[in-house]
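There are 2 protein chains.
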Amino acid sequence: MNRHSQQLCPRFQTAINLIGKRWTGMLLNVLLRGPARFGELLERLEVVGDRMLSERLKELEAEGIVERRVVPSHPVRVEYELTDKGRALAPVVDAVAKWAEAWIVLDPKVAQAPKAAESDCDEAKPHAAARVKRA
Amino acid sequence: MNRHSQQLCPRFQTAINLIGKRWTGMLLNVLLRGPARFGELLERLEVVGDRMLSERLKELEAEGIVERRVVPSHPVRVEYELTDKGRALAPVVDAVAKWAEAWIVLDPKVAQAPKAAESDCDEAKPHAAARVKRA
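Residue numbers (the numbering used here), protein chains in the order written: chain A, 1 to 135; chain B, 1001 to 1135.
Hints in this document: simulated from the structure, not taken from any laboratory. C-beta atoms are modelled at their ideal positions from N, C-alpha and C, and glycine is treated no differently. Do not rely on the hints blindly, as some may be mistaken.
Derived list of chain A stretches under chain B, where covered just means 3 residues or more per stretch with a C-beta under 8 Å from a C-beta of chain B [as the list claims (entries may be wrong)]: (1) 6-14; (2) 26-37; (3) 70-82; (4) 96-103.
With the rest of the complex left out, here is chain A (with noise of 0.2 Å):
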């Protein structure tokens, strides 16, 4: 599935078939607000079942851009972080939440659902996305 064309730089090819998969982009979106479980990770995702979490987390973790940490806390806690690779997409998901905010109508279906997502919009601009952490 990971063909290559031979006229396209390889690295931006991998990166898009990377980044491009469905639900990482929304996932790379939440874990740049700081490090969450993997129940928060469904939570906010909502739309996404366990096992598709479960898989690009995965994927993600063999490809450096997630970490999964164990909290020494009682009872213990496993947490998902970005690595600095990870943190390193911040540009990417502030350029679309940007185009999006410029450009996007929405379907009538989405924006008559209810305005708690629309309050998510402002934290999705530019800048917080990458800078808030969890205290």
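The hints should help you fit chain B onto chain A, whose structure is shown.
Just chain B now, kept in the frame of chain A:
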């Protein structure tokens, strides 16, 4: 397939679902360099089939990102060109290219491929992709 989490910015979700589709990032990368004919796109993307490319172009047309233009030459030429909304995606493509250059280590199988594609990486560097227009 376009389910939305009610906790995350719906515009971001719509944008990422659109841009993240298989081949769309690479297609945008090529079109940011200037208008191109169907056959030229097929040649640059290399690994995309006719039907998939045609489907992607139609989607991007429907979203107002790509414009299909009939050039009144002899014989007439059909070109695909980014609209303002499409060209506004340059910072997204630039950010991906920049990240890829800094962080992607190529799979040995890809790295051993003929070096033709490597020369494309310069073009994909920030700003270059957005500015170069076919003379």
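Checked hints:
{"no.": "1", "hint": "6-14", "in the structure": "holds (count 9)"}
{"no.": "2", "hint": "26-37", "in the structure": "holds (count 3)"}
{"no.": "3", "hint": "70-82", "in the structure": "violated (count 0)"}
{"no.": "4", "hint": "96-103", "in the structure": "holds (count 8)"}
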